[in-house]
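For the protein sequence lines, the chains are X and V, in the order given.
Here the first sequence stands for residues 289 to 583, numbered as in this note's numbering.
Here the second sequence stands for residues 289 to 583, numbered as in this note's numbering.
These aren't lab readings, by the way, just hints derived from the structure by calculation.
Any given hint could be a false lead.
[Said to hold, decoys possible] Here are the simulated DSS-like pairs of lysine-lysine, each with C-alpha atoms no more than 25 Å apart in a straight line:
1) V/K369 / X/K456
2) V/K541 / V/K300
3) X/K409 / X/K300
4) V/K452 / V/K300
5) X/K452 / V/K456
6) X/K537 / V/K531
7) X/K573 / X/K557
8) V/K477 / X/K541
9) X/K452 / X/K573
10) V/K300 / V/K371
11) X/K410 / X/K482
12) V/K409 / X/K456
13) V/K537 / X/K541
14) X/K531 / X/K477
15) X/K452 / X/K369
16) X/K300 / X/K477
17) V/K548 / X/K452
18) X/K541 / V/K409
19) V/K531 / X/K541
20) V/K482 / X/K371
21) V/K409 / V/K541
22) V/K537 / X/K456
23) X/K548 / X/K452
24) X/K573 / X/K531
25) X/K369 / V/K541
26) X/K477 / V/K530
27) V/K382 / V/K456
28) X/K410 / X/K541
29) V/K456 / X/K456
Just so you know, these numbers come straight off a predicted model, no measurement behind them.
There are 2 protein chains.
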Amino acid sequence: MLYGAIEAGGTKFVCAIGNENLEIIEQVSFPTTTPIETMCLVKEFFDKYLDKLKSIGVGSFGPIDVNTTSETYGFITTTPKEKWRNYNFLDTLKSYFNVPIALTTDVNAAAYGEYVKGYEKKISNIVYFTIGTGIGGGGILNGELIEGFSHPEMGHMKVVPHPKDSYKGNCPFHGNCLEGMAAGPAIEKRNGVKGQDLSEEDSFWEIEAYYIAQCMYNTTLMLSPDVIVLGGGVMQQDHLVKKVRNQFKHMLKEYVQIPKINHYIVTPKLGQRSGIIGGLALAEKALYNARESIH
Amino acid sequence: MLYGAIEAGGTKFVCAIGNENLEIIEQVSFPTTTPIETMCLVKEFFDKYLDKLKSIGVGSFGPIDVNTTSETYGFITTTPKEKWRNYNFLDTLKSYFNVPIALTTDVNAAAYGEYVKGYEKKISNIVYFTIGTGIGGGGILNGELIEGFSHPEMGHMKVVPHPKDSYKGNCPFHGNCLEGMAAGPAIEKRNGVKGQDLSEEDSFWEIEAYYIAQCMYNTTLMLSPDVIVLGGGVMQQDHLVKKVRNQFKHMLKEYVQIPKINHYIVTPKLGQRSGIIGGLALAEKALYNARESIH
C-alpha cells in the first residue's frame, strides 16, 4: 500500500511516494511551467505506482478554493501565475488517478506534516508559517485544518512599522502588511542583498525579528496553539528564531502563560520535508475518510 | 429535563435555567462581590431545580485555566479582581451540583450561543468579539471551541495607530493593543465622555472603526470564519458596524473573497443573550459528552 504526495509550489513541483509509515520511497521535483507540461510529469511519476497507490495528498500554492460546496472547489483561483489562473487542479488529478485525493494549501500541508509525523499527534494545535519569497500560514486546531469560508492568508496580517524602519512595504495588495515588510523580496529591497548574504550581526535582523514576533504575538492571542513552527528560506538563518523569541517575549509581557519558549516558537522538526510528508499524511487521511464514508 | 447556565462577569453574574430547546425559563442576576457571597447566590438559584437539573454550562470572566490536564484546571487565575484570583471556580460548582459542568470564557460561551442557537449550527466557524469595558474574542472552528494551550486573548492583538490619533493607549500590559486603543475606557479617555454620549457624526467614530476593522481584517486572514459577530456595549452604537464594514473592505482590497459583508460582520442574533444561551448550549454539550463517555 502506497501513498502519493504533491507539493505544488509556484516555482517547482515535488512529487513523492511513501509507505504506511509516511516514509518517502521515491521523490522527484521539476520546475512549475505550464499546467499541461507540469501535470504531464505528475502523471508520469505516479503512473509507475498505479497498482499500489491508494490515495494522494496535495499541498498547493494559491489561492485555491478549498470550499467543498463551491462550484470552483479544487481550482487554483486568482494566482498571479497567469497560466494557472482558474485552473481546475483537483479534477485534472481525478481524471488521472482513480483514488481519494485531498487538496489544501502548501502551508496547511506543512502544518499537517508537522502535526502527524513531526509531533506524532501528541499535540493537536499547530500553526505553521513559511517565511520565504512570500509569507504563508496554516494550521491545525483540535486536529483539524483551519479552514472556514476559505483557507487562511495569515501572511497578510497587519503589522506595526518598526520605529527605525522607513520601508513602505511591497505587497501589491496591502503595502506594509507582514508579507510586504518581512518576506525575502522586502529584505532584499531594503538591504540591496538577499537575506542569506547579510551578516548575522547586521542590525536589520532585529527589524525582521520585530515583524515576525508580531506575527507570533497575534497568533498566540488569536489561537493559543501548542506550538508555532517557522519554516521557509528566511528562517534558514539559524540566529533568527532566537531573535524572534526574544522580541516576542518582550511584546507579550507575560500576559498569557505560554509553553516553554524554546518548545513553542520552533523551526520544523521535518526540516524542508514538512510539506511533502504532510502530503503523505493528507493522503492517509483521505483514504481513511473515504473508507469511513463507505461504512 | 433542565439545563443551567452561568454568565460570570466581572461586575455581575447571570444565572439561568433553560429547557431542551435552550429557551430561558428563569433568569436572575446579581453583582459580583466576594466569591463566598456570590457563589452562595448561585447555589441558592439552582438548588430550586436540583431534581430536574441535568448539567450546567459556564462562561466566565478570566483569565481562566481551560487546560483539562493542568493542576489549576477550572481556576480563575491572574484576574485583577483580587478576591477571585486563583479561585477554584469549577470545583466549587462541582461541590454544589452533582451534574456535568462545562466551563469556558464568557466570549467563547457567547460564540457558542450564536453558533448553536443563533445560527442553528448551519455554519461551523464563528468568531465573537465583545467590545465593551474590555475587548475579548472567542470562537468556534469546525464546530469546536478555539482552545489550545489556553483560551484566546484576541482583544490584545496589535493594531496600527490611526494617523490622526495621538492617544497612546491604556492597556496596562501592552499600551496600544486593540483593547488599549478601542475599548470603552479608551473612548472615554480621548473624548471626555462615554461612547454612548458621543454623537453619531463625531469624527472619532471613524478612528474607532479603524481599529475594529483591523481586528476584522486580521481575524479574516487568520481564521476565515463564516461570520464575525460584534457584541458588547460599544457596538450598541448602531451606526458603528457599518463604519467597521466600510473600513474593513477598504483594508482587505478584495484580497480574499469573503461572504457578503452584511452577513459576514454582524451584530449578535441573540442580542445580549448570546452568553447566557451559550451557557445553556454548553450544558447540553456537557451532558452529551458525559453520556458518550459512559457508552
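Legend entry - Violated hints, by number in ascending order, as checked against the structure: Hint check: 1, 2, 3, 4, 6, 9, 11, 12, 13, 15, 17, 18, 19, 20, 21, 23, 24, 26, 27, 28 fail, others pass.
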